[in-house]
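Protein chains in written order, with our numbering: chain A, 1 to 331; chain B, 1 to 331.
Calculated directly from the structure, the hints in this document are not laboratory data.
One or more of the hints may lead you astray.
Any copy, or any two copies together, can satisfy a pair, since identical chains are not distinguished.
Unchecked claim - The list that follows gives simulated cross-link-like pairs (lysine-lysine, DSBU-like), each with its CA atoms no further than 35 angstroms apart: (1) K7 to K242; (2) K93 to K179; (3) K7 to K37; (4) K260 to K171; (5) K242 to K260; (6) K7 to K54; (7) K7 to K175; (8) K93 to K238; (9) K88 to K238; (10) K260 to K54; (11) K93 to K242; (12) K7 to K36; (13) K182 to K93; (14) K93 to K36; (15) K88 to K260; (16) K242 to K54; (17) K88 to K242.
2 protein chains.
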Amino acid sequence: MTQASNKPYHVVAIGNAIVDVLSFSDDAFIVGENMKKGTMCLIDEDRAEALYNKMGPSTEVSGGSAANTLAGLSSLGARTAFIGKVFKDQLGKIFRHDLQAVGVEFSTPPAETGRSTARCLILVTPDGQRTMNTFIGACNELYENDIDAGLIANAQIVYGEGYMWDMDCTKQAMKTAFKLAKENGAKVAFTLSDVFCVQRSREEFLSMIEHDVDILFCNEAEVRALYPEDDFPAILDKLQGKCEIVAVTTGDRGSVILTKDGRRTHVDAVPVHEVIDTTGAGDLYAAGFLYGYTHGMNIRECGRLGSACASDIITHLGARAQRPLTRLLVA
Amino acid sequence: MTQASNKPYHVVAIGNAIVDVLSFSDDAFIVGENMKKGTMCLIDEDRAEALYNKMGPSTEVSGGSAANTLAGLSSLGARTAFIGKVFKDQLGKIFRHDLQAVGVEFSTPPAETGRSTARCLILVTPDGQRTMNTFIGACNELYENDIDAGLIANAQIVYGEGYMWDMDCTKQAMKTAFKLAKENGAKVAFTLSDVFCVQRSREEFLSMIEHDVDILFCNEAEVRALYPEDDFPAILDKLQGKCEIVAVTTGDRGSVILTKDGRRTHVDAVPVHEVIDTTGAGDLYAAGFLYGYTHGMNIRECGRLGSACASDIITHLGARAQRPLTRLLVA
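Please construct the entire structure, taking both the sequences and the accompanying hints into account.
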């Protein structure tokens, strides 16, 4: 049985507040635009405009890694709150609506000056892989004083995304939140987010994993970037025991979960009829896992629920569940 | 063989420029909100705000009936242009992008004052049926002088939606466009749009069908509203011969096409694995049909392509094709 406390919020997360703009594309477009398939690239507003003009017809769905995880948790029935920054524009309203509509508390006020709500231009290739280009916009306006200490004090788990390390202000806000979490006896959960993200902040991530993180989410490519000298089994050996839990997703091969007691639990992926868009697969794995963790499930059950949530999200465009995930709890 | 001319645009359409906000809901919500399932209701900004706050997490996809038809036509390879009015806001940019990205010419300038870009709040029930609530916003700012006479003169078909009859200014713009079409030897195509729409403008629609329309698109419920005294076979008898072509869609039973020569062509629906969302099914039927009509197909082929396009669109959320429809031409 995993641990849980009686604090009112199962998970409070701090993350980038982003609306995804999703479009199907072929591999040639990815190559032609010098993108690295399957990763996230930060772009400025001019590049966002230029790329958008080249992209095909799109669908807008609220996104943001940690926000996706909370939306999944809330859809499963957990109590959650989000801290992040939108601008006071139409996309900001959409982002706020979509979190609140699924039951996530979100009261960080919007930025009144500066840049517009963040957008992630996502190209989805025929293999279902997503390649992301993020204009970070108003996310850059999240500061330490946006971290609501009352929320953190009432959280069982405080969750953050590696993406926050790409900007000084958001990194500082995240560190403040993790510090408050520790002081209040909350668990610290963290996702490595992206290969490039790991490369940019490798030393800091290694130190955090060693000292701060209780539950680490990552995929195979990210841990390979974390320990570039080693092969995958050696990497798992290195990670084992560093945190209470390390959950490494390995795409359609499922996930492997390393626990402090030295056990290694392999969990299969849940097969789907057709993979449409893998955007949010990792975020929803974390959602299912953390729901299980905060609801007394054992590690294998946590992993299985993570797999089930990840499989649900890859059958349609976008990283937010289109129908309540509670049906996965019955199965 | 159907007729076509050598004019550069296969279809020029005038319509409402709307971004759809789609959300899954149960039937109880539809009943509780006093909506009439399967129809379109006009709402003001306050009601739009209140309803949005009650709706679940949503997905935004560009919409608008005639715009959907053009996007489908363009995705098939036709040359098309759209006339309609957005506001100079984020949703207006999204609407414009999604038309231009699929190859539809759209140069009507955005409104600089007045209300925001139109939104249609769409509840999709588990049976795939869609119930629409439209805040018409900037669409109300389309006037006669927005009708580009040069575009109309270069069109083989000028297409309009019954929805335009709900406002005086757009009705007048549409009438001007149809008059220019007649003067320039273009065919006039028209969709009855919605049951309530037919009820509101019944006498005018009957007169237009008699005198102005060459190609009429409608569904069974709409023609029943047009001739409320009659049963379906009697209605078809009344419609037969009134226009060069009357295409009546009948949901999963396909469509029946009435031609001036007295023939009645039945076309089956194309079965799908799972119906997710019927938003845009009629619009895409019209797209496939008009592509066939302007590319030398016979009536049965036109109807079959219409059915294939309609089936494609109901397998995902939203009324715009997510992948190029040209693959339906190969089949």
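For each hint, the structure was consulted:
1. For the homomeric pair K7 and K242, the shortest alpha-carbon distance inside one copy (26 angstroms) is at most 35 angstroms, but the shortest distance between copies (70 angstroms) is not.
2. Taking the shortest alpha-carbon separations for K93 and K179, only the intra-copy value of 30 angstroms comes in at or below 35 angstroms, while the best inter-copy value is 42 angstroms.
3. With identical chains, the CA atoms of K7 and K37 are never at most 35 angstroms apart, being 40 angstroms at best within one copy and 42 angstroms at best between copies.
4. Taking CA atoms no more than 35 angstroms apart as the test, K260 paired with K171 passes inside one copy only; the shortest distance there is 27 angstroms, against 70 angstroms between copies.
5. Taking CA atoms no more than 35 angstroms apart as the test, K242 paired with K260 passes inside one copy only; the shortest distance there is 7 angstroms, against 78 angstroms between copies.
6. For the identical chains of this complex, K7 and K54 are inter-copy neighbours only, at 28 angstroms across copies versus 48 angstroms inside a copy, given an alpha-carbon limit of 35 angstroms.
7. Taking the closest pair of Cα atoms, K7 and K175 come within 35 angstroms of each other only inside a single copy of the chain (21 angstroms); across copies the shortest separation is 64 angstroms, beyond that limit.
8. Neither within a single protomer nor between protomers do K93 and K238 lie at most 35 angstroms apart by alpha-carbon distance, with minima of 43 angstroms and 49 angstroms respectively.
9. Proximity of K88 and K238 under a CA criterion of 35 angstroms is satisfied in neither setting, with 45 angstroms inside one chain copy and 54 angstroms between copies.
10. When the C-alpha separation of K260 and K54 is checked against a cutoff of 35 angstroms, the pair qualifies neither within a copy, at 48 angstroms, nor between copies, at 44 angstroms.
11. Within a single copy, K93 and K242 get their C-alpha atoms no closer than 40 angstroms, and across copies no closer than 48 angstroms, so neither meets the 35 angstroms cut-off.
12. Proximity of K7 to K36 under the C-alpha cut-off of 35 angstroms is found in neither arrangement, the shortest distances being 42 angstroms within a copy and 43 angstroms between copies.
13. When the C-alpha separation of K182 and K93 is checked against a cutoff of 35 angstroms, the pair qualifies only within one copy, where the shortest distance is 32 angstroms, while the shortest distance between copies is 44 angstroms.
14. In this assembly of identical chains, the alpha carbons of K93 and K36 lie at most 35 angstroms apart whether taken from the same copy (31 angstroms) or from different copies (27 angstroms).
15. Taking the shortest alpha-carbon separations for K88 and K260, neither the intra-copy value of 44 angstroms nor the inter-copy value of 55 angstroms comes in at or below 35 angstroms.
16. Taking CA atoms no more than 35 angstroms apart as the test, K242 paired with K54 passes in neither setting, with 44 angstroms inside one copy and 44 angstroms between copies.
17. Taking the shortest Cα distances, K88 and K242 never come within 35 angstroms of each other, neither inside one copy (41 angstroms) nor across copies (52 angstroms).
In summary, the numbered hints that this structure violates are 3, 8, 9, 10, 11, 12, 15, 16, 17.
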